[in-house]
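Based on the provided sequences and hints, a complete structural model is requested.
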Amino acid sequence: MRERPAIAWFEVHAENFMRGGLLGEDLDRIATFYPLSLHAVGLSLGSAGGVSAEHVAALKTLCGRYAPVLISDHVSWSQVGDTHWPDLLPLPYTEEALDVIAANVDRVQDAIGRRLLLENPSVYVTFADDDMTEAAFLAELVRRTDCGVLLDVNNIFVSASNLGRDAAADLRDILRQVGPQAIQEIHLAGHTVSRTRSGARIRVDDHGSRICEDVWNLFCGAIAEIGPRPTLIEWDTNIPEFGVLIEEAAHADAALRGAQVEPPANALAR
Amino acid sequence: MPRCVERKWNLRPMLSLADLQMRFAEALRTDSAWPRRMLRAGPCPVEECLDIYRANVIGAVTNALALSHPTVVRLVGESFFGRLGRDYAFDAPPRSGCLWHYGDGFADFLARDARTHALPYLADVARLDRILDRVGNAAPSEPPRRFVLDARTQLELESSLQLLELEWPADEIRAAIERDEDLLEQIDLKPVRRTRVVWRSASGVMMRPLGDASYAFLRALLDGASVEEAFLAAIDHAPQAVGDMDQEVLRAPYARVSLIGEAAS
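Chain order of the listed sequences is P and C. Counting in this note's numbering, the first sequence runs from 21 upward without gaps. Counting in this note's numbering, the second sequence runs from 4 upward without gaps.
To be clear, the hints were calculated from the coordinates, so they are not data collected in a lab. Any given hint could turn out to be false.
Calculated cross-link-like contacts (lysine to any residue; reagent style SDA-like; alpha-carbon spacing at most 25 Å) [said to hold, decoys possible]:
| hint | chain 1 | residue 1 | chain 2 | residue 2 |
| --- | --- | --- | --- | --- |
| 1 | P | 80 | C | 101 |
| 2 | P | 80 | C | 142 |
| 3 | C | 193 | C | 76 |
| 4 | C | 193 | C | 206 |
| 5 | P | 80 | P | 23 |
| 6 | P | 80 | C | 145 |
| 7 | P | 80 | C | 139 |
| 8 | P | 80 | P | 129 |
| 9 | C | 193 | C | 182 |
| 10 | P | 80 | P | 70 |
| 11 | C | 193 | C | 124 |
| 12 | P | 80 | C | 146 |
| 13 | P | 80 | C | 162 |
| 14 | P | 80 | C | 193 |
| 15 | P | 80 | C | 67 |
| 16 | P | 80 | C | 103 |
| 17 | P | 80 | P | 165 |
Under 8 Å between C-beta atoms, here's a sample of chain P residues computed to sit facing chain C [to be verified]:
| hint | residue |
| --- | --- |
| 18 | 63 |
| 19 | 68 |
| 20 | 97 |
| 21 | 99 |
| 22 | 100 |
| 23 | 106 |
| 24 | 217 |
| 25 | 221 |
Because the structure is a prediction, the values reported are computed rather than measured. Ideal Cβ positions, reconstructed from N, Cα and C, are used throughout, including at glycine.
Dropping the structure here:
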């Protein structure tokens, strides 16, 4: 913060700041100089048991304190019964799951008085009983709840690669079905390519390395079609020197400079 | 028995979302096989895809525990800590999406775990790590806790104040780990009851030893007793040490005697 790097905005995991304390004081300093985006990972919007009133209240308190320009969570679930499995577990793309997540998104949006952005997660499996594609699921969720979409380009690439699909086709499908208006933020991140016990190749979304060329290409394709959007470099494991993050952000900025960049505040109104 | 719903077009029974999520979570927890026909994957077998989710869960839990138990990590090493974290995750999984709630039972888990019996002080180190983390991350703007002394005066205690009872010199171990691990050799590893008060001040997390009377007094107050009841508890536990309470409590930096209704300075 002493050097005030030329960064347009910062994004933090909301849950890390729900208890205040020393971390909260650090965030106060960042929020003094930069717009903030709150990216939740614990609302568990896809849980059949609903969302935690306590968690929603804590998010509302944070929103009141920091007036974030964007607020987001994922199309996934973590909570079942009284147990929270801290990962973005996959939802089946079914009518029932759509009803559940739409009701949960409505509840959160009503409570915080703001629009949520829903992020497409990386998935490693899909469900045999899926009724629809991820793109159709996202589009219908937007239609029902007026939420926005946080388009994670790396997740599209990771999911498609792991499921043996064409990432560019999946991206085109999402852009076409969801529509450019709903997409209000983009995430970029690195991932790891590893081998499983049987020797199969798998891409793991770990946010711990530079963004790969394939993901940059998908990103350029996306913004060429929908225009520039507030774009975040997610890097939260194996965290490098800050300069490396700045380089990745500059790379994204260079790609975005072809058009007028809308500030994230434009996504505020619900 | 799982509830089933029927799909409109093929009448093939499928799990409800609630049951599917329960089954999925159970498969993560127990390594149990997931019915293959219910999941699809790409080139990687379904079971190995589930391994990714399982590893993510274990990694998140272990990371949360490591952040709040840094001395334990240093003592046992990251690899062994990871195995402890995995077993704790499945023994006592998180209850909420705020993982800073998580780990209150980790010290007791370590005390029970046979693998750590060669390190009898480890559970106390975990208790100390945990409480320092909690106090350090306590909400800074909470009003002090107030206890009526008489009609005009009250005792105010820092809202972040926590008490700790240890058998082993966990604070010396933590200090040695932070400054110079060679100092570990010089620590007298003798089990003796030690009581500490921990609070957060403007300059950071503070910790001081407490005498038995002061500990009993504060413990009773924090457990809901009146000042009079707390004082009786102190006399009951350590009558010879009641005189220390003036310095250890009433004049301590975490406490303040004020007039009732007086604004805090």
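Consistency of the hints with the structure:
1. This hinted pair checks out: residue 80 (chain P) and residue 101 (chain C) have alpha carbons roughly 14 Å apart, not beyond 25 Å.
2. Only pairs whose Cα atoms come within 25 Å are accepted, and residue 80 (chain P) paired with residue 142 (chain C) is accepted, the gap being roughly 16 Å.
3. Straight-line distance between C-alpha atoms of residue 193 (chain C) and residue 76 (chain C) comes to about 22 Å, which keeps the hinted pair within the 25 Å bound.
4. Restraint check: the Cα-Cα separation between residue 193 (chain C) and residue 206 (chain C) comes to about 32 Å, which exceeds 25 Å; the hinted pair is violated.
5. For the proposed pair residue 80 (chain P) and residue 23 (chain P), the alpha carbon gap of about 31 Å is over 25 Å, so the pair is violated.
6. Restraint check: the Cα-Cα separation between residue 80 (chain P) and residue 145 (chain C) comes to about 18 Å, which is no more than 25 Å; the hinted pair holds.
7. Between residue 80 (chain P) and residue 139 (chain C), the direct Cα distance comes to roughly 23 Å. Compliance with the 25 Å bound is thereby established for this hinted pair.
8. Among the hinted pairs, residue 80 (chain P) with residue 129 (chain P) is consistent with the structure: their alpha-carbon atoms are about 10 Å apart, no more than 25 Å.
9. This hinted pair checks out: residue 193 (chain C) and residue 182 (chain C) have alpha carbons roughly 21 Å apart, not beyond 25 Å.
10. Restraint check for residue 80 (chain P) and residue 70 (chain P): the C-alpha separation of about 17 Å stays at or below 25 Å, so the hint holds.
11. The straight-line distance between the Cα atoms of residue 193 (chain C) and residue 124 (chain C) is roughly 10 Å, inside the 25 Å bound, and the hint therefore holds.
12. Restraint check: the Cα-Cα separation between residue 80 (chain P) and residue 146 (chain C) comes to about 21 Å, which is no more than 25 Å; the hinted pair holds.
13. Distance check on the hinted pair: residue 80 (chain P) and residue 162 (chain C) sit about 23 Å apart at the alpha-carbon level, within 25 Å; holds.
14. For a cut-off of 25 Å, the pair hint linking residue 80 (chain P) to residue 193 (chain C) is broken: about 49 Å separates their Cα positions.
15. Between the alpha carbons of residue 80 (chain P) and residue 67 (chain C) the distance comes to roughly 23 Å, so the proposed pair stays at or under 25 Å and holds.
16. Between residue 80 (chain P) and residue 103 (chain C), the direct Cα distance comes to roughly 18 Å. Compliance with the 25 Å bound is thereby established for this hinted pair.
17. Using a Cα cut-off of 25 Å, the hinted pair residue 80 (chain P) and residue 165 (chain P) holds, with the two alpha carbons roughly 18 Å apart.
18. The criterion of a C-beta within 8 Å of any C-beta in chain C is met by residue 63 (chain P), whose closest approach is roughly 7 Å, and the hint holds.
19. For residue 68 (chain P), the suggested interface contact is upheld, since its CB lies about 4 Å from the closest CB of chain C, less than 8 Å.
20. Because the smallest distance between the Cβ of residue 97 (chain P) and any Cβ of chain C comes to about 6 Å, under 8 Å, the interface hint for this residue holds.
21. At about 7 Å, the closest approach between the beta carbon of residue 99 (chain P) and any beta carbon in chain C falls short of 8 Å, and the interface hint on this residue holds.
22. Of the supplied interface hints, the one on residue 100 (chain P) holds, with its beta-carbon coming within about 5 Å of a beta-carbon of chain C, less than 8 Å.
23. Hint status for residue 106 (chain P): holds, given a least beta-carbon distance of 4 Å to chain C, under 8 Å.
24. Interface hint at residue 217 (chain P): satisfied, since its Cβ lies 6 Å from the closest Cβ of chain C, which is below the 8 Å cut-off.
25. With 8 Å as the threshold, the beta carbon of residue 221 (chain P) comes within range of chain C, its nearest partner Cβ sitting at about 7 Å, so the hint holds.
Hint violations for this structure: numbers 4, 5 and 14, all remaining hints satisfied.
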